[in-house]
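Using our numbering, read the sequence shown as starting at 28 and increasing by one per residue.
If you're looking for bench data, these hints aren't it; they were derived computationally from the structure.
There could be a bad hint or two in this list.
Listed below are the simulated DSS-like cross-link pairs for lysine-lysine, each with C-alpha atoms no more than 25 Å apart in a straight line [as the list claims (entries may be wrong)]: (1) Lys354 <-> Lys117; (2) Lys120 <-> Lys30; (3) Lys127 <-> Lys196.
Derived Cβ-Cβ restraints for the label pairs, each shown as a range [to be verified]: (4) Gln253 <-> Pro123: 36 to 42 Å; (5) Lys48 <-> Arg238: 35 to 41 Å; (6) Glu276 <-> Thr183: 35 to 41 Å; (7) Thr183 <-> Lys354: 41 to 47 Å.
The C-beta atom is built at its ideal place from N, Cα and C for all residues, glycine as well.
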Amino acid sequence: MNKFVKRIFKEVGSKLASLFKPGKTSKYKNHKSKLAKTLIKTAVANETIEERASKQNKPSADTMLRQLHCNEKYLDIIDSENVRIINSLKRKKLLPNIPKIAIDFTDSAYYGRSNSFEIIGSNQVDGTNSVIRKAVLSLAERGKSFILACKRVFQTERKTDILNYLIAKANKFFKNLGLILVDRGFFAIEVIKWFIAKDLRFLMLAIRNKRVSKLIKQFDEGKIPQIIDYSMGDVALKMFFVKKVIDGEQRILAFVTNLDNFVPELLASEYPNRWLIETAHREVEKFMIRTTSNDMALRHFFHLLACLIYNLWIYCRLTVQDQYGIKLRSYTFKLLVIDILFEDFWRTTIFLL
């Protein structure tokens, strides 16, 4: 495996070890790196800590969870390694200097007690009306959908606060940002004002409310042009309409943007890249430590760790494809990661059985 990736994994293991706080009399006092390695192995195998403990006998699940302290330090650990990954790809000229990015919400079903501000009411998802919602920012470049930031969403949180957090994270990776593809869940006056005030170019699918539905009908009847001036409160922007065949049925989609000069069909063709987040989210699940814990900080840490491992997989795919013209599948990547941790290929194979 690429030396850079090996170095990243070993450094991640070393840094994660600092999150463990064994007691003075604990036998793991001088073996925190072993706990960190076990954590990474559990993520790569997409297991619960209990399942990993049953295979290794020790450390036990109770030991792992009791000694793991998920303070804010883990955010800095994940961020610093992600910055290194992106900078390495920029040096190799495998990423654009001014990239398109996407912002979306992702929901995960939650079956525990809904007594946390992080549990959001939603339409039924997999047998529950409760979800854990995260705001995700990723590159919107096909084959390069790195996850740059992921924020926990609280019930009463303002969308502009979410955007402030995500864009600040994006600026750690790139000085300048290209077109931002935004989920229609952000379709609100305060959000549009925020983008314009920050001088950020965006494209957003409009929510089909009464006003927008009326405009779509007027466009369909030929009463208004394809691009129109549109206002939200005292904010002026552009709305345009594009006909698309969805599930065998022709539909008209309405978009809003603060761009002045564009070709509607070409600009609309960029928007499907936003859905790369959904694809990435499914892939991230393959590297997730599964848990039933009610500790939201712990859950978020597990999710960010999965995102980091996912980003390393995409890094490997890009570099391997660039050098050898072949695609590295996630299963092969998992074998290579465990080989790094065990430093023994045969134990790697047994590990994944």
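**Those earlier numbered hints the structure runs against, lowest number first** = The structure conflicts with hints 4 and 5, although it agrees with all the remaining ones.
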